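K.L.:
Residues per chain are reported as follows:
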Amino acid sequence: AQSVSQHNHHVILSEAASLELGCNYSYGGTVNLFWYVQYPGQHLQLLLKYFSGDPLVKGIKGFEAEFIKSKFSFNLRKPSVQWSDTAEYFCAVPSGAGSYQLTFGKGTKLSVIP
Amino acid sequence: DAGVIQSPRHEVTEMGQEVTLRCKPISGHDYLFWYRQTMMRGLELLIYFNNNVPIDDSGMPEDRFSAKMPNASFSTLKIQPSEPRDSAVYFCASSPQLANYGYTFGSGTRLTVV
Chain A
306 AQSVSQHNHH VILSEAASLE LGCNYSYGGT VNLFWYVQYP GQHLQLLLKY
356 FSGDPLVKGI KGFEAEFIKS KFSFNLRKPS VQWSDTAEYF CAVPSGAGSY
406 QLTFGKGTKL SVIP
Chain B
1020 DAGVIQSPRH EVTEMGQEVT LRCKPISGHD YLFWYRQTMM RGLELLIYFN
1070 NNVPIDDSGM PEDRFSAKMP NASFSTLKIQ PSEPRDSAVY FCASSPQLAN
1120 YGYTFGSGTR LTVV
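Protein chains in written order, with our numbering: chain A, 306 to 419; chain B, 1020 to 1133.
Hints are not guaranteed to be accurate.
[Unchecked claim] As a list, the in silico DSS-like pairs of lysine-lysine whose alpha-carbon atoms are at most 30 Å apart:
id : chain 1 : residue 1 : chain 2 : residue 2
1  : B       : K1097     : A       : K411
2  : A       : K354      : A       : K383
3  : B       : K1043     : A       : K414
4  : B       : K1043     : B       : K1087
5  : B       : K1043     : A       : K411
6  : B       : K1097     : A       : K366
Hint data in this document are derived by calculation from the structure and do not stem from the laboratory. Given the structure is predicted, the values throughout are model-derived calculations rather than measurements.
If we strip away everything but chain A, and leave its shape as in the complex, we get (with noise of 0.2 Å):
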């Protein structure tokens, strides 16, 4: 089954700096892909998906991801955080036989100093 990877645990920046948040998914073929974010203490909410086409998707509030297929990966950006995106950001992708069901990353955990 398809599995995404978060390397980054916790990342703390400097407002106005720029964020990029790595995510990489476990095998090639079709694949849609996810970036959810949490802010603290509320629900997850999507941020930008990823389903064929245009490689480049962009989002909500400014983030962006670029699907890399080469490299397996997704990551997600942003040229200049605000201290509104402290949050925790996963990346997920559907998995399981039919593809009914988003598996998630272990999440990376944004923490924007102002």
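Use these hints to put chain B onto chain A, whose structure you have.
P.N.:
Only chain B this time, still in chain A's reference frame:
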């Protein structure tokens, strides 16, 4: 649409007691998922339903856990008897079709078993 609605938001109970968590999915969504989130294990899929029928419950940790979906607008997750290691945030999510379309999560129930 009010989104996925979970209740209660917080539950504190004593070890050995029965706990029932509730979820109302988004109207028209065919799939409903129960996840558990802990610091140690991250997000784990417990069970999911398609059109009110349980499809995969392999993630349910043990027989103390049970889930039902008596109709398209309501699901419960029951733990009986509860144990301290069940303390976690339990999320319900729903999806209109396959996971390829992403989930909408509820706000979660934070369960503390003392």
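K.L.:
Tell me, in ascending order, the numbers of any earlier hints that this structure violates.
P.N.:
6
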